[in-house]
Amino acid sequence: MLFLADFSVIKPEPGLMFWTTVIFLIFWFLMSRFAFKPIGAALKQRELDIQDALDQAKMARQEMANLQAENEKLLAHAREERSAILKEAKEAKEEIIAEAKERANAEYKRKVESAIRDIENQKMAAMVDLKNKAGQMAIEIAEKVLQRELSNKGEQETFAQSLVSQIKMN
Amino acid sequence: MIVIRKYCIALIFSGLTAFAFAQHGSEPTSPKTEATHQPTEATHEVPTSGAETAEHGAEMHGDCPCGAHEEKEEEFSAGDNAVHHIADANAIQIIGDVYFHLPVILYAPGQGWTFTYSGAFKPEHHGNGTLAKDGYVLVHGNVMRIQDPAFPKGEVALQCDPTHETITTEAGKEKIVYKIGANNTCYHLDAKTTLDGGVMGGGFTSFYDFSITRNVFTMLMTVLLLFFLFRAVANAATRNHGKAPKGLQNFIEPFYTFIRDEVARPNIGPKYEKYMPYLLSAFFFILGLNLVGQIPFFPGSANVTGNISVTIILALITFLISTFSANRHFWEHTLWMPGVPAVLKILVLTPVEILGLFLKPFTLLLRLFANITAGHIVIMSFVSLIFIFGGAGKSMSGTITGIIASVPLSLFMMTLELLVAFLQAFIFTMLSAVYIGTAIEEPHHDAHH
Chain A
0 MLFLADFSVI KPEPGLMFWT TVIFLIFWFL MSRFAFKPIG AALKQRELDI
50 QDALDQAKMA RQEMANLQAE NEKLLAHARE ERSAILKEAK EAKEEIIAEA
100 KERANAEYKR KVESAIRDIE NQKMAAMVDL KNKAGQMAIE IAEKVLQREL
150 SNKGEQETFA QSLVSQIKMN
Chain B
0 MIVIRKYCIA LIFSGLTAFA FAQHGSEPTS PKTEATHQPT EATHEVPTSG
50 AETAEHGAEM HGDCPCGAHE EKEEEFSAGD NAVHHIADAN AIQIIGDVYF
100 HLPVILYAPG QGWTFTYSGA FKPEHHGNGT LAKDGYVLVH GNVMRIQDPA
150 FPKGEVALQC DPTHETITTE AGKEKIVYKI GANNTCYHLD AKTTLDGGVM
200 GGGFTSFYDF SITRNVFTML MTVLLLFFLF RAVANAATRN HGKAPKGLQN
250 FIEPFYTFIR DEVARPNIGP KYEKYMPYLL SAFFFILGLN LVGQIPFFPG
300 SANVTGNISV TIILALITFL ISTFSANRHF WEHTLWMPGV PAVLKILVLT
350 PVEILGLFLK PFTLLLRLFA NITAGHIVIM SFVSLIFIFG GAGKSMSGTI
400 TGIIASVPLS LFMMTLELLV AFLQAFIFTM LSAVYIGTAI EEPHHDAHH
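So the sequences go chain by chain: A and B.
Each residue of the first sequence is one higher than the one before, counting from 0 in numbering that gives the first Met the number 0.
Each residue of the second sequence is one higher than the one before, counting from 0 in numbering that gives the first Met the number 0.
FYI, nobody ran anything at the bench for these hints, they're computed from the structure.
Check the hints yourself; a few may be wrong.
Straight-line C-alpha distance at most 30 Å; calculated BS3-like pairs for lysine-lysine [claimed, not checked]: (1) K359(B) to K344(B); (2) K122(A) to K108(A); (3) K36(A) to K242(B); (4) K242(B) to K43(A); (5) K110(A) to K122(A); (6) K57(A) to K245(B); (7) K36(A) to K344(B); (8) K245(B) to K43(A); (9) K273(B) to K242(B).
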C-alpha cells in the first residue's frame, strides 16, 4: 500500500525554485551565447546568401536577355552591313570591269592607230626606197643600153630584154 | 488578426487539456471497482478527518511506539499512485526497491547545513528510510525532519516505517501529520518548507530542502542534453557555411525559424531580436522537459514542468522581462487609460488593469503546470487500470482485462501528451511573446489623442 501521498506539485518549494532559477538562467546564458547566436547568425547569413543568389540569378537572366537582344541587333546590323558591302563590291566590280573595258578599248584603238601609222610610214618609206631603187635601176639600164647601142643592134635588143627581166626578177 | 486567431486556438487547446485535468479532480472517487473494493480507503488528497489511515502495512522493525498498526492487505489506490508519481522526490525509484540516489542538501535554522545523499537514509520499501541522519528521515522518497530538537544527531536506526494521521487544526483545516518511531519514542515529523502559506497544506517548517531532487536532476540532464544538441547544430551551422544544411541542423533549425517568424516577429515587432534568446530558451527548456517527462522509465518520467515551482520561475522571468521592458505608452494605458472618464478609471479600469498585470503570468504558470500534471495523472490512471482490475495482482483474468483496457487508452493518452508537450511549450513561448509585445508596443498615432 502506498503512503497517502499529498498533492505536493501545487506547493511552491523554495529549493526547487532556487534550482530552477539557477539552471534556467545558466541555460539561457549558455544557449544564447553558444547556440542561438551562431545558429541565428548562420540562418541569417544563409537567408542573405539565398536572397543574393536569387537576385544574382535574376540579374544574370536579365543580362542574358539584354545580351541576346544586343546580339540580335548586332547580327541584324552585321547582316545589313554585309549586304551593303556586297552591293558595294558588286558595284565596284562592275565599275572596274567597265573601266577596264574602256581602257582596253582605248589602248586597242591607240595600238591599232599606231600600227596603221607605222604601216603607213613603212609603206611610205618603202615607196620612197622603191622609187629611189627604180630610178637608180633605170639610170643603170639606160647607161648600159647606151653603151651597147653603139656596137650591135640585135644584141642591143636582147640585152635590153635581159635587163628588163632582171628588173622583173627583183 | 493572426495573433488573435492563434490565441483562440491556444485557449481552446488549453481548455481541452484543462478539462482532462478537471476530470482528474473527480478521479479518486470515480473508479467504482476501487471504491467497492476498499470502503475504508481515503481519498488521496483530502482524507476524512480523524480517520486512522494506518493502511500502510509495511513490515515492522520491532514494536512501533507510534501506536499499533492494523496489518492490512496491500491495497491499491490509483490516485495515490499517480500523485506519488508526479511528486518530486529526493531519490529516484528505478524499479521495485532499486534507487538512484541523489545528493541531499538541507538547511534548518539553528542546525545549519546538512550535506548527504539519499542513500544515507538506507531506504528499503516505498522509499522509506530505515535510518535517521542528523534528525532527518526519508519518508516515501522525501526528506522530513524530526521536530524534537533533542533528537540525537548522527545516524539513528528507526524502529518502524513512518505513519501519518490527519488532524484538524484550530483554523478548521485538515492537516496530515507524519510520525516516526525511534528510541522507543514517537516523534512528529516536519515536511520541507513550502511557500504556499498553508493554503495547500504546506507552509514554513523547521527546515528547507535545497537538494538535487528528481526534478532538479532531470532538469540538469535535459539542459545538458539540449546544450550539447544545440552545440552540435551551432557547430554544423558555422562549419557548413555556404553549404546546404543537413542532419540535426534540418531538425533544429525549423524550430528556430518557427519561433522567430511565427512567434517573436509577429508579436513583438521590429525589436524582436533582443527577446529571441529568452523565447528560444523557454521554448526548448519546456519542450525538452515535457518530452523527457514522457519517457516512462528511469532517466525520464519526472514531472518537472508539471511542478508549480518550475512554472512559477518561468512565468516570473516572463513577467520581469515584460514589466521591465515596458515603455511609457504601456504604463499610461495600464494605469491611466486616456479617453476614459476619471471615475471609471479609478473605480474600474486601473484596478482591473493592475490585476491583469499579475494575472497574465499567473495564467501562464497555471496553464503549463495544470496541463502537464494532468497528462501525467491521466496516463498513470490508465496504467493503474491494470492493477485496479487485477486487484493488485490477485486476479489474473482481471489483470488481462485491465491490460486490454489500459494499453490502448494509455497509448492514446501518451500520443496526445506528445502533442501537448509541443503545444504547451509553444503556448508558453507565444504568450510570453504576446506579453512582451504589448509591453513594448509603440503608440499608434491614429488611434487616440
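Verification of the supplied hints:
1. K359(B) to K344(B): Holds: K359(B) and K344(B) sit about 20 Å apart, inside 30 Å.
2. K122(A) to K108(A): holds, 20 Å
3. K36(A) to K242(B): holds, 19 Å
4. K242(B) to K43(A): The hint holds at about 14 Å.
5. K110(A) to K122(A): Holds, because 18 Å separates the two Cα atoms, which is no more than 30 Å.
6. K57(A) to K245(B): The given pair, whose Cα atoms are some 27 Å apart, holds under the 30 Å limit.
7. K36(A) to K344(B): violated, 44 Å
8. K245(B) to K43(A): holds, 17 Å
9. K273(B) to K242(B): holds, 27 Å
Hint compliance for this structure: hint 7 alone is broken.
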